[in-house]
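These protein sequence lines are chains A and B, in that order.
Take my numbering: the last position of the first sequence gets the number 136, and nothing is skipped along the way.
Take my numbering: the last position of the second sequence gets the number 173, and nothing is skipped along the way.
Hints listed in this document are in silico derivations from the structure and should not be mistaken for laboratory results.
C-beta atoms are modelled at their ideal positions from N, C-alpha and C, and glycine is treated no differently.
Do not take every clue at face value.
Stated by the list, open to error - Examples of chain B residues lying across from chain A (beta carbon under 7 Å, computed):
# : residue
1 : Val34
2 : Gly127
3 : Ile131
4 : Gly134
5 : Tyr136
6 : Gly137
7 : Lys166
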Amino acid sequence: MNKILIISFICSISFGILSGAEQKFTFDKEAYSFDNIVQEELFYSLLVELRCPKCQSSNLSGSNSPISNDLKREVYELVIKEKSAEEIKAYLVERYGNFIIYNPPIEPATYILWFGPFLLIILSLGSIILYRRKQA
Amino acid sequence: MKKLLDTLPLVIFVTLIIVLFSFLSNEDNQLETVLIDESFPEFSLTSLTDTTKILAKSDISELPALINVWATWCIACKVEHPFLMKLKEESILPIYGLNYKDNRNKAIALLKADGDPFEFSIFDFEGRLAIDLGVYGAPETFFIDKSGVIRVRHVGVIDDKVWKEKFAKYLDE
Numbered sequence: 001m002n003k004i005l006i007i008s009f010i011c012s013i014s015f016g017i018l019s020g021a022e023q024k025f026t027f028d029k030e031a032y033s034f035d036n037i038v039q040e041e042l043f044y045s046l047l048v049e050l051r052c053p054k055c056q057s058s059n060l061s062g063s064n065s066p067i068s069n070d071l072k073r074e075v076y077e078l079v080i081k082e083k084s085a086e087e088i089k090a091y092l093v094e095r096y097g098n099f100i101i102y103n104p105p106i107e108p109a110t111y112i113l114w115f116g117p118f119l120l121i122i123l124s125l126g127s128i129i130l131y132r133r134k135q136a
Numbered sequence: 001m002k003k004l005l006d007t008l009p010l011v012i013f014v015t016l017i018i019v020l021f022s023f024l025s026n027e028d029n030q031l032e033t034v035l036i037d038e039s040f041p042e043f044s045l046t047s048l049t050d051t052t053k054i055l056a057k058s059d060i061s062e063l064p065a066l067i068n069v070w071a072t073w074c075i076a077c078k079v080e081h082p083f084l085m086k087l088k089e090e091s092i093l094p095i096y097g098l099n100y101k102d103n104r105n106k107a108i109a110l111l112k113a114d115g116d117p118f119e120f121s122i123f124d125f126e127g128r129l130a131i132d133l134g135v136y137g138a139p140e141t142f143f144i145d146k147s148g149v150i151r152v153r154h155v156g157v158i159d160d161k162v163w164k165e166k167f168a169k170y171l172d173e
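Model the full assembly from the supplied sequences, consistent with the hints where possible.
Right under this line is the structure:
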């Protein structure tokens, strides 16, 4: 019984790591040219971090929907204007809300998102320990 | 007490399933609206019917009004079109169109064929004003009150029911 618990715990953790690992670019990268490597890196890192509002489970870099392409253009123009990552994200959150960023800020509305999983772990570990003690 | 403890995991499991299922049926998929109670953004875009006419926020002069995001490629817009016509015919309030990422000629032809419920339509081929409004599809409808502030945003088809539930109360303010 103990072994099964440990194995399933490890599995669930590694799935979480794997799902975040791969990043695809499904659009024409030639269309964007940059003054320097810093701008280019900022642009591509933002596309991974920003979410497509239409498709809801894909980031901008992985989506070719019209709205994603518009947002890529918007991000591109802001990067070229030497805006910082924080400024660009704030600009988009102002229009699309926290939904647009995959890394939402810790605030009352997102507490359950950030702390819910830990609460679940504590609750389930607690109940397992309690249950085993009762049995012993 | 022991019995209660034994059934607790089952109770938690069942509650979780019910809660998660209720999220599944919540098909609305509406994103939170950031612009509520903000003033309508500035813009500078051409008129749909006149390429030489540049429209700006000040052209949306009759308030309160609706701003309706539409396009010929948008099937749901065809569904709500008769309702917009009805609002116009009964002179409930002026409607301004935001033609979104569309073909100009097709859009003009559609208004000629099916009727034009709009005071005018703003031609937003690149989706510039749309991004400032947080638009991610069509149709979307915004209600702007008499001081130019966005009060309601509705994503999807607007019909009698939606009008009564979401919009009508702001008209009487």
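Now the hints, each set against the structure:
The beta carbon of Val34/B comes within 5 Å of a beta carbon in chain A, closer than 7 Å, and the hint placing it at the interface holds. Against a cut-off of 7 Å between C-beta atoms, the interface hint on Gly127/B holds, since the closest Cβ of chain A lies about 4 Å away. Of the supplied interface hints, the one on Ile131/B holds, with its beta-carbon coming within about 6 Å of a beta-carbon of chain A, less than 7 Å. Checking Gly134/B against chain A: minimum C-beta separation of about 4 Å stays under 7 Å; hint holds.
Because the beta carbon of Tyr136/B sits about 4 Å from the nearest beta carbon in chain A, less than 7 Å, this interface hint is met. A least Cβ separation of about 6 Å between Gly137/B and chain A falls short of the 7 Å threshold, and the interface hint therefore holds. Residue-level restraint check for Lys166/B is violated (minimum Cβ-Cβ distance to chain A is 19 Å; threshold 7 Å).
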